[in-house]
Amino acid sequence: MGKAWKFGHDIDTDVIIPARYLNNSDPEHLAKHCMEDGDVTFAEKVQEGDILVAGKNFGCGSSREHAPIAIKAAKVKVVIAESYARIFYRNALNIGLPILECPEAVAGINAGDEVTVDLESGKVENLTQKTSFQARPFPPFMQELINTGGLIPYVRGRKKNA
Amino acid sequence: MIGMSMTITEKILAQHAGLEEVVPGQLITAKLDMVLANDVTAPVAVKEFVKFEVDSVFDRSKVALVLDHFTPNKDIASAEQSKQVREFARRHEIEHFYDVGKVGIEHCLLPEQGLTLPGDLIIGADSHTCTYGALGAFATGVGSTDLAAGLATGEAWFRVPESIKFVFHGTKFQPWVSGKDLILYVIGKIGVDGARYQAMEFTGEGISALSMDGRFTMCNMAIEAGAKNGIIAPDEKTFAYLEGRSKRPYTVYTSDPDAKYAQVFEFDVADIPLQVAFPHLPENTKSVQEASGVKIDQVVIGSCTNGRMEDLRMAAQILRGHKVHPHVRTLVFPGTQEIYRQAMHEGLIDTFIEAGVAVSTPTCGPCLGGHMGILAKGERALATTNRNFVGRMGHPESEVYLANPAVAAASAIRGQIAHPEEVV
Ligand code: SF4
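Going line by line, the protein sequences match chains A and B.
Using this note's numbering, read the first sequence as starting at 1 and increasing by one per residue.
Using this note's numbering, read the second sequence as starting at 1 and increasing by one per residue.
Be aware that a few hints might be false.
What the hints assert, rightly or not - Which residues of chain B face chain A? A partial, calculated answer using Cβ under 8 Å: (1) M4; (2) G119; (3) T145; (4) K228; (5) R387; (6) G391.
If you're looking for bench data, these hints aren't it; they were derived computationally from the structure.
Glycine included, each C-beta is placed from N, C-alpha and C at the ideal position.
Using the sequences provided together with the hints, build the complete structure.
Next comes the structure, spelled out in structure tokens:
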């Protein structure tokens, strides 16, 4: 169970982790500045297991993998958005940050709501409002990638089988 | 060829996946012709690369490492990052390693050096890797882990994108209108996620009439509409550009006339006025007239979007014989050393300095709020760069407006956003 943090549409990677902090790629350093230009209190107040909820096109902009790394290192359990920008989506799966696409859940969760998410089934429950939602499952290839723990084990596994 | 009709994007992906044909939505594994990273993304990729437990990169002639973001190193932390990349480049004898003195902004540099060619499949750990589509290549941005996999295996997985076709009719551009205005206009129409996961194919008489520099600018900003890649079929101008640059053979692909598109947009270039994108998204476009009078503190001319010869010439043409407004810090960043030198030969650097402009060695610098021109709280810049996100150029409460180099130069003189005709 975690508390929901809510953000709007087109949250770009400069908001998730501003470029001024990219002179250091240490995850702890990145976590300290996560979402800083969107909500300066986020990095300080976010608790392990909290949930980041956002509108359409989350993670647009730069290809910096520092963005999902910062969110993961901030101990966010999962991101739920209406949709994701392409490179962010790829990066999140590659580094093992769980992300779900579910416009209904985004509409049905307010900032501060207590939410539980079952990553396997994609079931999202809003305990505060006593509602639940079903996120879209990943395409099979993506699921395989996630199951093997991200891109590196996946590629290494493939090479061994080849 | 018998078989399905395909778009240029589909043909390049099919060929690199060793397949006769591909369809949108298909997942493929494809061979890479060039793999790129910079001083921000390479350190993360290098860390991941080690986990593949391979002795060397897949092909040291197909890797480009460009230290352009925080260089010349802005502080100790960025110096450490550059050092990691430099050591990796030396250990793996990377052929195309660019350090201070040789470095240029990656997306100006690679095409100039002939490292990206028509028909290539290129990934870069930088979102503006899509720039090379202007040469008729498939080029897309990825993160550092995908890049590490590419470095180790020479392959990457892709979902074949649907294509959207943008046809620009006519060649009667309004005065000072450039590739930047065309692409801002498109982003204003379709929005920052209007082409999400898709290929943007630019075509028509208007595109044929554009210079290569203008085409690079257009494909550069495809990512600003969420696209996977931007692409323009090669033509005589492409071949002329490649003369003396390309050092290996290349393949020219074009879309079949009956290829399938998810959407087709048609514009007449005569209808497109000079554009300005308002904070804080590139889709917030208006005509320069509507932006006229907005006071500015800084003007930045350069970046991988507009740091090429045509851009500097355009800016110099307007600045010649003028002084920039005393309240506007004006910065010019040539894209590469070659561009810098050419600008010097043509007297453009003199023009800039006489006008009161600061000219810098090639670097990403202010474009990403890195260094060399950071904005304070409440300050406003007009830039020829590609992103005007919150905090992009400095303080989260600063603002960035985007425009072409002619508008930027005119605005620098007037101290407020201005149409070039106000000063020439
Ligand atoms: S000039 Fe700006 S947009 Fe281009 S590569 Fe550098 S930081 Fe990125």
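Failing hints, ascending? Of the numbered hints, 1, 2 do not hold.
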